[in-house]
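Those sequence lines, one after another, are chains A and B. Each residue of the first sequence is one higher than the one before, starting from 136 at the first, in our numbering. Each residue of the second sequence is one higher than the one before, starting from 136 at the first, in our numbering.
Source of the hints: derived by calculation from the structure; they are not laboratory data. Accuracy of the hints is not assured; some may be wrong.
Each pair may be met inside one copy or between any two copies, as identical chains are not told apart.
[To be verified] Straight-line C-alpha distance at most 20 Å; calculated PhoX-like pairs for lysine-lysine:
| # | residue 1 | residue 2 |
| --- | --- | --- |
| 1 | Lys-137 | Lys-202 |
| 2 | Lys-182 | Lys-142 |
| 3 | Lys-153 | Lys-182 |
| 4 | Lys-202 | Lys-182 |
| 5 | Lys-153 | Lys-142 |
| 6 | Lys-202 | Lys-153 |
Please read all numbers here as calculations on a predicted model, not as lab measurements.
Protein chains: 2
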Amino acid sequence: MKVTDPKALAVYLRDERKRRGLSQSVVADEVDLRQGTVSRFESTPEKMQLDTLFRLLSALELELSVKPRDGSARNQRGSHTSDDGKWTEEW
Amino acid sequence: MKVTDPKALAVYLRDERKRRGLSQSVVADEVDLRQGTVSRFESTPEKMQLDTLFRLLSALELELSVKPRDGSARNQRGSHTSDDGKWTEEW
DNA sequence: TTTACTTATGCGCAATTGCGTATATAGTGA
DNA sequence: TCACTATATACGCAATTGCGCATAAGTAAA
Chain A
136 MKVTDPKALA VYLRDERKRR GLSQSVVADE VDLRQGTVSR FESTPEKMQL DTLFRLLSAL
196 ELELSVKPRD GSARNQRGSH TSDDGKWTEE W
Chain B
136 MKVTDPKALA VYLRDERKRR GLSQSVVADE VDLRQGTVSR FESTPEKMQL DTLFRLLSAL
196 ELELSVKPRD GSARNQRGSH TSDDGKWTEE W
């Protein structure tokens, strides 16, 4: 499952948790988090810490992968890509 | 590339950035972050925010995937797994 | 060595984290 | 309805974020 933003990740995590029939409390206890923290993660994950993410991944027995995007060149020399507006004010 | 913890993720990101010959400043500008923030992410990523992670992924043209771990059962009923000590105090 | 670029680090700042704890609000089943 | 579980939300708290900004180190080339 590809995740492109915090919200998508949160939704996936919630779905996985439910699919396994686990409550937020149980998941939280498993990796020493509070139920309230899990709840906030599932609703507004943007500012949550990486730490917390990996704890949840562990509790839900999920694994994460990173790789170059499909059409991404390697060894950009003088790439400019002066985009703007996509990240200037998001989430 | 599988990432199991924040540190591994940070290292991968740094390597990717270098492989592409980009400086922290350039990457930061791309997604409206500060060079100092990128620097901190690459050295101590544990507490960094998801927000920041996805900005970096975008700048480096990387994609993230989540999926059930290799040997993970689905629909645990009465699973106990009373582990402890792995997450009680880490990083 | 000097120049240029890159990375690390520091300050004050407002905002947010996750904790500990508690409660309010669903939701479910008898 | 009642009881129980699950989730959302709140409070004060210390810690940390990322910002703006600046500067100190580190690296490399001339």
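Taking the hints in turn, this is what the structure says about them:
Taking identical chains as interchangeable, the C-alpha atoms of Lys-137 and Lys-202 lie at most 20 Å apart whether they share a chain (11 Å) or sit on different chains (9 Å). In the homo-oligomer, the alpha carbons of Lys-182 and Lys-142 lie at most 20 Å apart both inside one protomer (11 Å) and across protomers (18 Å), since each shortest distance falls under that limit. Proximity of Lys-153 and Lys-182 under a CA criterion of 20 Å is satisfied in neither setting, with 23 Å inside one chain copy and 26 Å between copies. With identical chains, the CA atoms of Lys-202 and Lys-182 are never at most 20 Å apart, being 23 Å at best within one copy and 22 Å at best between copies.
Within a single copy, Lys-153 and Lys-142 get their C-alpha atoms as close as 17 Å, which meets the 20 Å cut-off; across copies the closest is 28 Å, which misses it. Taking CA atoms no more than 20 Å apart as the test, Lys-202 paired with Lys-153 passes between copies only; the shortest distance there is 15 Å, against 28 Å inside one copy.
Of the numbered hints given earlier, the model fails hints 3 and 4; all others are met.
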